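Engineer: One letter stands for each residue in the lines below.
2 protein chains.
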Amino acid sequence: MKSFTGAAVSPEQLDKIIRAGMAAPTAVNKQPWSFVIVTDKKKIDELAAGLPTARGIDKAGAVIIVCTEPNKAYLQSKDFAIIDASLASENILLATEAMGLGGHWTASYPYEDKMKHVRTVLGIPTGVIPLNVILVGVPTGEDKPKEKYQRIKSIGENGSQRNSIHFHNAKND
Amino acid sequence: MKSFTGAAVSPEQLDKIIRAGMAAPTAVNKQPWSFVIVTDKKKIDELAAGLPTARGIDKAGAVIIVCTEPNKAYLQSKDFAIIDASLASENILLATEAMGLGGHWTASYPYEDKMKHVRTVLGIPTGVIPLNVILVGVPTGEDKPKEKYQRIKSIGENGSQRNSIHFHNAKND
Chain A
-19 MKSFTGAAVS PEQLDKIIRA GMAAPTAVNK QPWSFVIVTD KKKIDELAAG LPTARGIDKA
41 GAVIIVCTEP NKAYLQSKDF AIIDASLASE NILLATEAMG LGGHWTASYP YEDKMKHVRT
101 VLGIPTGVIP LNVILVGVPT GEDKPKEKYQ RIKSIGENGS QRNSIHFHNA KND
Chain B
-19 MKSFTGAAVS PEQLDKIIRA GMAAPTAVNK QPWSFVIVTD KKKIDELAAG LPTARGIDKA
41 GAVIIVCTEP NKAYLQSKDF AIIDASLASE NILLATEAMG LGGHWTASYP YEDKMKHVRT
101 VLGIPTGVIP LNVILVGVPT GEDKPKEKYQ RIKSIGENGS QRNSIHFHNA KND
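Protein chains in written order, with the numbering used here: chain A, -19 to 153; chain B, -19 to 153.
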């Protein structure tokens, strides 16, 4: 989803979207995330200046930065911090869709330069990872869902053709 | 969701769940995931033997292992591989819920011992990361959703009290 009309997204819609994000599970329920919501067009432009691959950002009604803090995650693990924030982000994407809006993940992590830019523009402390910059907006209707279902693909380093879905059931074991 | 009745999950239900997983976005649409579905109780018991924290696994109708392959991810990045598989996993959890089933993520990654065990039991090649072991089953109804919404919490290394949601809009900038 990259084609937005430029229309605004309301505070009520954004509140619902963030609630969906917070509803995702986190390792041992540590909730290491936080969320930055930007609706100010000038601020969005500032962000865009350091995010050349964030296509469509100029027409987004809002952007949401899902942040995560290894210090607050289970075992102070950066791995869990990233996974936890990823699940929250997927909930955010699905919530936008369910509300007739569009959401598009553009990368910040793992790029040091992009994370630094996002931190600087938004005043995000060191130690807090801005995982992504999610564009939220009113869809033009141009974007169509991709078909990604596949039963067969190569898996493993030898690249041999195998099922991308493996079944272990009593019959074939 | 950890309390399952022990009832089976049908192949049709599992197919729908995996389709939901595959519908999640992946960085530059690389789809580095694959999925292992286990319904054979003996195999599930073998898995359980090396996963002491996977509570409820004995009553799961199936387990799904979401795997991911850095070699197949965008920029051969392990970071993107993990994030991509995390988004697919969240879709799987939400699909189980939407179908009246329950899903529960138990960890494999980032624990070397657990990943090794899962690889050995299921014949997963080196180079393929078994991210998790998702328990899928028929819920007993004991588990209630957690309330996780929070407007205020401390963020950043100094631990100062700040909003867990930050707004940047034209008014407060």
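Derived by calculation from the structure, the hints in this document are not laboratory data. Incorrect hints may have been included.
In this list, chains with the same sequence are indistinguishable; a pair is considered to hold if it fits within one copy or across any two.
What the hints assert, rightly or not - Straight-line distance between alpha carbons at most 30 Å, and here's what the computed DSSO-like set of lysine-lysine pairs gives:
#1 LYS(-4) <-> LYS22
#2 LYS23 <-> LYS128
#3 LYS126 <-> LYS22
#4 LYS96 <-> LYS124
#5 LYS10 <-> LYS39
#6 LYS96 <-> LYS128
#7 LYS126 <-> LYS10
#8 LYS126 <-> LYS39
#9 LYS22 <-> LYS10
#10 LYS96 <-> LYS21
#11 LYS10 <-> LYS124
#12 LYS128 <-> LYS(-4)
#13 LYS(-18) <-> LYS10
#14 LYS58 <-> LYS10
#15 LYS124 <-> LYS58
Everything numeric in this text was worked out from a predicted model, so none of it was measured.
Engineer: Are there hints from earlier that the structure breaks, and if so, what are their numbers?
Structural biologist: 3, 4, 9
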